[in-house]
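Between the sequences and the hints, there should be enough to build the whole structure, so can you do that?
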Amino acid sequence: MHIVVCIKQVPDSAQIRVHPVTNTIMRQGVPTIINPYDLFALEEALRLRDRLGGTVTVLTMGPPMAEDSLRKALGIGADRGVLLTDRFFAGSDTLATSYALSQAILKIGETWGVPEVVFTGKQTIDGDTAQVGPGIARRLGLQQLTYVSGISEVDLAGKSITVSRRAEGGVQELKTALPALITMLEGSNEVRRGSIVDVLRGARAELVTWNAQAAGITEMGNCGLRGSPTVVKRVFAPKARATKAVPIETRERDAETIAEDIIAQLYATQPALEAELLRTAAGY
Amino acid sequence: MATAPTPAAPSRAGMKKELPERFKSYKHVWVFIEYEHGEIHPVSLELLGEGRKLANKLGVELAGVLLGGNRAALQEAALQVWEHDADLVYICADPVLEHYRNEPYTKVMTDLVNTYQPEIFLLGATVLGRDLAGAVATTLLTGLTADCTELAIDDEGSLAATRPTFGGSLLCTIHTLNFRPQMATIRPRVMAMPPSAPGKRGRIIEHAAGLHEIDIITKVLRFLPDRDSNKAQLAYADIVVAGGMGLRSPENLQLVRALASVLGGEWGGSRPLVQKGWMDADRQIGQTGKTIRPKVYIAAGISGAIQHRVGVEGADTIIAINTDRNAPIFDFAHFAVVGNAIEILPALTDAFRKRLSVNRLAG
Ligand SMILES: Cc1cc2nc3c(=O)[nH]c(=O)nc-3n(C[C@H](O)[C@H](O)[C@H](O)COP(=O)(O)OP(=O)(O)OC[C@H]3O[C@@H](n4cnc5c(N)ncnc54)[C@H](O)[C@@H]3O)c2cc1C
Ligand SMILES: Nc1ncnc2c1ncn2[C@@H]1O[C@H](COP(=O)(O)O)[C@@H](O)[C@H]1O
Chain P
1 MHIVVCIKQV PDSAQIRVHP VTNTIMRQGV PTIINPYDLF ALEEALRLRD
51 RLGGTVTVLT MGPPMAEDSL RKALGIGADR GVLLTDRFFA GSDTLATSYA
101 LSQAILKIGE TWGVPEVVFT GKQTIDGDTA QVGPGIARRL GLQQLTYVSG
151 ISEVDLAGKS ITVSRRAEGG VQELKTALPA LITMLEGSNE VRRGSIVDVL
201 RGARAELVTW NAQAAGITEM GNCGLRGSPT VVKRVFAPKA RATKAVPIET
251 RERDAETIAE DIIAQLYATQ PALEAELLRT AAGY
Chain A
1 MATAPTPAAP SRAGMKKELP ERFKSYKHVW VFIEYEHGEI HPVSLELLGE
51 GRKLANKLGV ELAGVLLGGN RAALQEAALQ VWEHDADLVY ICADPVLEHY
101 RNEPYTKVMT DLVNTYQPEI FLLGATVLGR DLAGAVATTL LTGLTADCTE
151 LAIDDEGSLA ATRPTFGGSL LCTIHTLNFR PQMATIRPRV MAMPPSAPGK
201 RGRIIEHAAG LHEIDIITKV LRFLPDRDSN KAQLAYADIV VAGGMGLRSP
251 ENLQLVRALA SVLGGEWGGS RPLVQKGWMD ADRQIGQTGK TIRPKVYIAA
301 GISGAIQHRV GVEGADTIIA INTDRNAPIF DFAHFAVVGN AIEILPALTD
351 AFRKRLSVNR LAG
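Taken in sequence, the protein lines are chains P and A.
Residue 284 is where the first sequence ends in the numbering used here, and the numbering goes up by one at each step.
Residue 363 is where the second sequence ends in the numbering used here, and the numbering goes up by one at each step.
Honestly, the hints are just simulated from the structure, not real lab data.
Since the model is a prediction, treat every value here as computed from it, not as a measurement.
Cβ atoms here follow ideal geometry from the backbone N, Cα and C, with glycine treated the same way.
With a straight-line Cα cutoff of 30 Å, these simulated DSS-like cross-link-like pairs (lysine-lysine) come out:
1. K295(A) to K200(A)
2. K17(A) to K239(P)
3. K239(P) to K53(A)
Reference excerpt, derived from the structure (chain A facing chain P, CB under 8 Å, subset only):
4. E36
5. H41
6. V220
7. D226
8. V337
Here are the in silico distance ranges between beta carbons for each label pair:
9. D280(A) to P36(P): 10 to 20 Å
10. R241(P) to D280(A): 26 to 36 Å
11. S195(P) to M193(A): 51 to 61 Å
Set out below in structure tokens:
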């Protein structure tokens, strides 16, 4: 079977700093990583391939340096990497991103066989919208399976797939037809470490690099800023709270005294609270 | 190449509103009413509160949209939507819509939008809402802003949707200037629950789904409800006690649980606790976990990183216990307890237990 996994290279946001004066992100020296949620998608794709045979193609849209993320994915075990890169894609919102990626997936299908499953992560840590997966599914007319926590059955001959999906208040078991788009829930598998062979292969592999034209994109108006209905008008830092925290004295006091002080201050701020707590407690 | 909005993109900031003729008839504010297992998700009622403000500002109507399998049940649910100040409820009842599935819900929603043409469409950023919103927005080829924390109407009458970006380090305000509807999702508990007006009524418009089960490819084989129904309560608990890495060992989480239990509240923690396997992911509080809005939030051994802060800022009173007087949590807490959580938590639990058990004896 052929599986496509969409991965995004993102700044390691644990290390992001905001410039205190200009309110811009200080990107210098911030390492980039594969969006952590996408690794669960990659792992699930590799498991399907290992079980059923076939190949895994990883696809990323980004600046030329995003090829690092493809090499890392090959190092973990993917078979082929496609980098979609073009200045026309700059400034894409989720609608434009899903357009470019879906066109590239069509091209991947023409070139190496139509994928039965397209995976994305649950969401990215920089965009954090969880919209690109559903966007791709709609644009390609794929069955949309979001927040999937496990794949219990794939029937390639019968073209069907059965998955568990995190829903509100429980887990849905869904059966649908292939091809399907799956957004994988985090923590639903344990991401493997690549073998030395794969890591070396990833470092040396020939990647496929497509610009818009090579990916068969002709509607440039659907790409980048022009293809993005949303407009960012303002970027600003969160406001600090106006009043400072009231300190509760702790020095040279034992824990009991501190506790009593906390409760007294809390009840003073929320006069109705004591009665409510008593009512709740009485209800037990 | 950002699906993340890129700060300092001058070409974007310069974009003007030139609404195409075909969108000028789009009017009114809609809220998707998430209705499952016989209940309206509270986030939908929270959004009616926000939607009311937007509708008033624009001088238009507020409508709720209710989809489901059983007509009588939806009509019953519509009462609650009216009581939360909707002028109008769109109802689409069809057996095909009994359990949420993306395909039929997307079809019906896009159909409704194309027919009745709202200018603003809000959905809860729940797993259901996010699944639906992405598909509907792409089908309509309109803009969708995820996980907004603030909604307003700008001078030109456009929706200004503010959301955190780059892990909450910054906020950005996003507009969908030239497409309609302007769509946005908002997480549960980010907006306050508006008061309801019992007995208030409005209009209903019924819409036929025109769908047949045989055409729907995805089938729900089973639904397994979550066993620990308490877990779902975290977001809506009045009292939340949470622990962070300052607890130093998974055993000390018991101190957090004990206090929560005495207070009849819920417990949770910061993200590293999930990563270390000390607790389940659905107890995580913060940007990538739950947003909470309790009356009292007690944070023990939590530094207060921005990703944690955005999930708890809506609390009425935040009490932070931290050994480091310079911990960022003291920048947004209401009470600062500079001290050892491992000692203070048990003392607090005992003190509350004594005070609260008196009443129990008294009946
Ligand atoms: C994309 C992304 C998303 C994230 N999402 C979330 C999220 O949703 N929720 C979340 O919580 N985090 C999230 N984080 C992580 C966040 O950045 C912080 O790393 C995390 O919140 C820190 O957890 P902590 O405060 O428990 O641990 P630490 O930062 O290690 O802080 C421990 C604190 O305990 C104090 N302490 C130590 N000993 C004691 C003691 N005996 N008594 C009292 N205090 C003590 C220390 O002074 C310190 O302030 C996210 C990060 C990223 C990059
Ligand atoms: N530029 C991109 N290139 C490849 N995949 C992407 C890109 N942006 C988003 N995705 C995929 O879409 C998922 C959801 O992204 P988002 O909507 O930004 O939260 C991610 O987990 C990726 O799998």
